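Residue numbers (the numbering used here), protein chains in the order written: chain A, 10 to 370; chain B, 13 to 269; chain C, 397 to 675.
Any given hint could turn out to be false.
[As the list claims (entries may be wrong)] Result set (EDC-like, lysine to aspartate or glutamate): computed pairs, CA atoms no more than 16 Å apart in a straight line:
{"hint": "1", "chain 1": "C", "residue 1": "LYS478", "chain 2": "A", "residue 2": "ASP167"}
{"hint": "2", "chain 1": "C", "residue 1": "LYS537", "chain 2": "B", "residue 2": "GLU91"}
{"hint": "3", "chain 1": "C", "residue 1": "LYS537", "chain 2": "B", "residue 2": "GLU39"}
{"hint": "4", "chain 1": "C", "residue 1": "LYS550", "chain 2": "B", "residue 2": "GLU93"}
[To be verified] Computed footprint of chain B on chain C; a stretch qualifies when at least three of its residues, placed anywhere within it, have a C-beta under 8 Å from a C-beta of chain B:
{"hint": "5", "segment": "535-547"}
{"hint": "6", "segment": "555-566"}
{"hint": "7", "segment": "627-640"}
[Stated by the list, open to error] Under 8 Å between C-beta atoms, here's a sample of chain B residues computed to sit facing chain C:
{"hint": "8", "residue": "LEU97"}
{"hint": "9", "residue": "SER118"}
{"hint": "10", "residue": "GLY124"}
{"hint": "11", "residue": "ARG133"}
{"hint": "12", "residue": "HIS134"}
{"hint": "13", "residue": "TYR135"}
{"hint": "14", "residue": "ASP140"}
{"hint": "15", "residue": "ALA152"}
{"hint": "16", "residue": "GLY153"}
{"hint": "17", "residue": "ASP157"}
{"hint": "18", "residue": "ARG161"}
{"hint": "19", "residue": "GLY165"}
Since the hints were derived computationally from the structure, they do not count as laboratory data.
Predicted model only: the values in this text are computed from it and were never measured.
Using N, Cα and C, we set each Cβ at its ideal position, and we do this for glycine too.
Below, each chain spelled out in residue letters.
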Amino acid sequence: MYVAVKGGEKAIDAAHRQLAQERRGDPSIPELTPEQIAAQLSLAVDRVMTEGSLYDREMAALAIRQARGDLIEAIFLIRASRTTLPRFGYSTPIETSKMLVRRRISAAFKDMPGGQILGPTFDYTHRLLDFAPGDEAAAAPAETGPADIDRSMPRVLDLIGAEGLIEPASEAESEPADLTREPLSFPVGRDLRLQSLARGDEGFLLALGYSTQRGYGRTHPFAGEIRYGEVRVSFAPEELGFEIEIGQIDMTECEMINQFKGSGSVPPQFTRGYGMSFGQCERKAMAMALVDRALRAGELDEEQTAPAQDEEFVLSHADNVQATGFVEHLKLPHYVDFQAELELLRRLRRKAQGLEQEAAE
Amino acid sequence: MTGPLLAADNISKFYDGRVACDKVSFELWPGEVLAVVGESGSGKTTLLKCLSMQIALSSGRVLYSLRDGRMESLADLSEAERRFLMRTDWGFVHQDPREGLRMGVSAGANVGERLMAVGERHYGRIRDTALDWLDRVEIAGDRIDDSPRHYSGGMRQRLQIARNLVTAPRLVFMDEPTGGLDVSVQARLLDLLRGLVRSLGLSVIIVTHDLAVARLLSTRILVMQQGKVIETGLTDQVLEDPQAPYTQLLVSSVLQV
Amino acid sequence: MTTGYNFAYLNEQTKRMIRRALLKAVAIPGYQVPFASREMPMPYGWGTGGVQVTASILTPEDTLKVIDQGADDTTNAVSIRKFFVRTAGIATTEETAKASIIQTRHRVPETALSENQILVYQVPIPEPLRFLEPRETETRKMHALEEYGIMHVKLYEDIARHGHIATSYAYPAKVNGRYVFDPSPIPKFDNPKLDNCAALQLFGAGREKRIYALPPYTEVKSLDFEDHPFSVQKWDEPCALCGSRDTYLDEIILDDKGKRMFVCSDTDHCRKARGEEAA
């Protein structure tokens, strides 16, 4: 006789124990430490911080280890943790023009004040898989240069802006809204659009940015400036009434110079696209800048024909934690609804077959 | 109280300093068909979009006589009232029927939608009404369950007309309804429109660059050039005896077939 | 109970925010109230909306029942029940009649509910118009202006194509004569239970960030045509365990030669009908 299957609870416990075993792997191999991950897989850590919306290298490294290297799973862990953290308030806006620059390039000019500094980058490396990395890198330390480099690095877009060649950076009309405190409601202001994109999935934004370069909403982009380095973070606690510096973060900022635009009242100027990320997520910052500009199509009175220009489409699907939740939820039992569809289908087929038989007679 | 159905009062529309429509005024009376003619760039389509509330006016007013007798400025209506008006008392026939149809549902659903939107809840009655209308626009009844994707251009246009007329609107806007159709199909459509307009007592504002269409369908005509109305009057009179030089040019350049 | 977290995991400000949304929802039956859904320790799409609603209304005196597909023992129901035991330490039960709060996915309990109970539904897509009109800017207007013609167009199409309305679950209904809503992916079989129900019914969509509600004794009318009235699913066989002919049945495949059997989806109801003791 059929007995209703029970034991879901036991199954889940056993599955979790098995997961813990898989996560640790072969016990004879040394366990990865979060310090190793933070130091040697720093770009993974950067991505988890950026899309997790939380700057904390140790926590991100821990999350990557717990997630067995699945970065979206790690981002999920960070987001869930972030929700429980106490909030003290908002920092003052960070000044990227005062960044302690480690890398700074512009494709728009051959040279500019501060110069082109390549910094640590995969650019121009030959992608030859190194089968015996060993300690060679440690043996040849990077050369250091003279200390009198001109550290004044005005932003390229500020330089051309001074001539009026590019639209001014938009001024905030009011306090920015907080995406983690209010639900997104379309149409969306620039503040929530940039927040959405900053925590959006790198792969999704990369594909959309790529599509704009291939004609799906072309914006004629030039990399006006990409800079990576340290910025100071300041905060003015209520109790003190004045600003104090609370630390530094590494971040990447990308400003794209795009297709120029004029109107009846204003002569033509270049337009902007903005992207940023924690750490050195350069690909993300660039893709974000391309998509930011594409989403301004309506504002700039351009024809909106491409997916990258569709605000509701892009921002509703950019969050990978939401996306993976819903895609993977298909694994949950759906047999009640499937039974409903079966019942309907059988009924419709009986009807169709009944009619065929009638026709045959 | 009888008065005009619609009145345009000094309608102007500017785009970045460029004048698309310049102080256009006229009255449309019940049962009238008004043709707005001119070359492309004359402002006739902009005027139509202003009148039908698709774009905002830069200045001026559009007054409409609602079913309850009030003459209201359209700008004063709430969005709910505007959308209701567009679904019941007005029709809009687009040049490209795909813009005025739901291509993904059957012809029957396309015609029945407005009825369902105003509360009709009997499937059989909705279907019968749809069949009746398909017949009136000369589409075979056995095509009722086909999607307009499988219809020819002329059929789609006739379906669009049926979809618009099913709620007995008093005013229909038409934007080059015969554009893009070949000549014999055009002729058939114009015949159909003429019959429907007469039998239903519709008021129509039709935009066209084709004077033959204006002559066949309209009672009055507005000739536009560079955003301005340069001549207006009874269609037959204006086309027979054009006064303005531009109108004379238009009339004389119509190919005599 | 795991210490270090507030009672039922959410902090008090968050609960207050959700309760405000719930009050709005109850005041406007069937209307989707946006709320700032929090990131929860389970994935979006796996019940975060329902969990946030339950967490906001839970008190230490409550007795909680959690079901998925009508059963207490399905994996996700087990997981959610455990979550509340860990974070709130409340009593739990598998008996519908003994629960003060029931969180459910995809089914309404067969046992009629009372005025002392609250039913919390997990909702994946709150917007009934979503698959007809993907843009939220447009669907918001349609609800505000009561423009639901497009829903009947879909039903018309079904009848024209299949001879039947082809929606078997998440069947749209009109609430209190005003808003059309999606009752969550419950089979249409369960829609009649929502109408004039004595219990308070709350709906939470975490990923889509919407909350809606049916106050007790609210009218809920499933959409249909006069000449094609709403009807529910039927099976040819009774439940193989309890013999019921008026409950929703699950189909179990017994072998690869087409042998099947049907059993009640609501495990608690079936157990009671068989006269067995609760687990």
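How the hints compare with the structure:
This hinted pair does not check out: LYS478 of chain C and ASP167 of chain A have alpha carbons roughly 56 Å apart, beyond 16 Å. Between LYS537 of chain C and GLU91 of chain B the alpha-carbon distance is near 9 Å, which keeps this suggested pair within the 16 Å criterion. Of the supplied pair hints, the one linking LYS537 of chain C and GLU39 of chain B is violated, its CA atoms being roughly 32 Å apart against a limit of 16 Å. Using a Cα cut-off of 16 Å, the hinted pair LYS550 of chain C and GLU93 of chain B is violated, with the two alpha carbons roughly 25 Å apart.
Closer than 8 Å: that is the beta-carbon criterion, and the segment 535-547 of chain C has 7 residues meeting it against chain B, so the requirement of 3 holds. A stretch counts as covered by a chain when three or more of its residues have a beta carbon under 8 Å from one of that chain; for the segment 555-566 of chain C and chain B the count is 3, and the coverage holds. Given as covered by chain B, the segment 627-640 of chain C fails the check, having 0 residues with a CB less than 8 Å from a CB of that chain where 3 are the minimum. Look at LEU97 of chain B: its Cβ only gets to about 12 Å from chain C, farther than 8 Å, so that hint breaks.
Against a cut-off of 8 Å between C-beta atoms, the interface hint on SER118 of chain B holds, since the closest Cβ of chain C lies about 6 Å away. Against a cut-off of 8 Å between C-beta atoms, the interface hint on GLY124 of chain B holds, since the closest Cβ of chain C lies about 6 Å away. A least Cβ separation of about 5 Å between ARG133 of chain B and chain C falls short of the 8 Å threshold, and the interface hint therefore holds. Interface restraint check: HIS134 of chain B against chain C, minimum CB-CB distance 5 Å, threshold 8 Å, status holds.
Residue-level restraint check for TYR135 of chain B holds (minimum Cβ-Cβ distance to chain C is 4 Å; threshold 8 Å). Restraint check, ASP140 of chain B versus chain C: the minimum CB separation of about 11 Å is more than 8 Å; hint violated. Contact between ALA152 of chain B and chain C, as hinted, is not supported at the beta carbon level, the nearest pair being about 16 Å apart and thus beyond 8 Å. Given the 8 Å rule on beta carbons, the hint for GLY153 of chain B is violated: about 13 Å separates it from the nearest Cβ of chain C.
The beta carbon of ASP157 of chain B is positioned within 8 Å of a beta carbon in chain C (closest approach about 5 Å), and the interface hint is therefore held. Proximity of ARG161 of chain B to chain C is violated relative to the hint, the smallest CB-CB distance being about 14 Å (cut-off 8 Å). For the restraint placing GLY165 of chain B at the interface with chain C, the shortest Cβ-Cβ distance is roughly 23 Å, beyond the 8 Å limit, so the hint is violated.
Of the numbered hints given earlier, the model fails hints 1, 3, 4, 7, 8, 14, 15, 16, 18, 19; all others are met.
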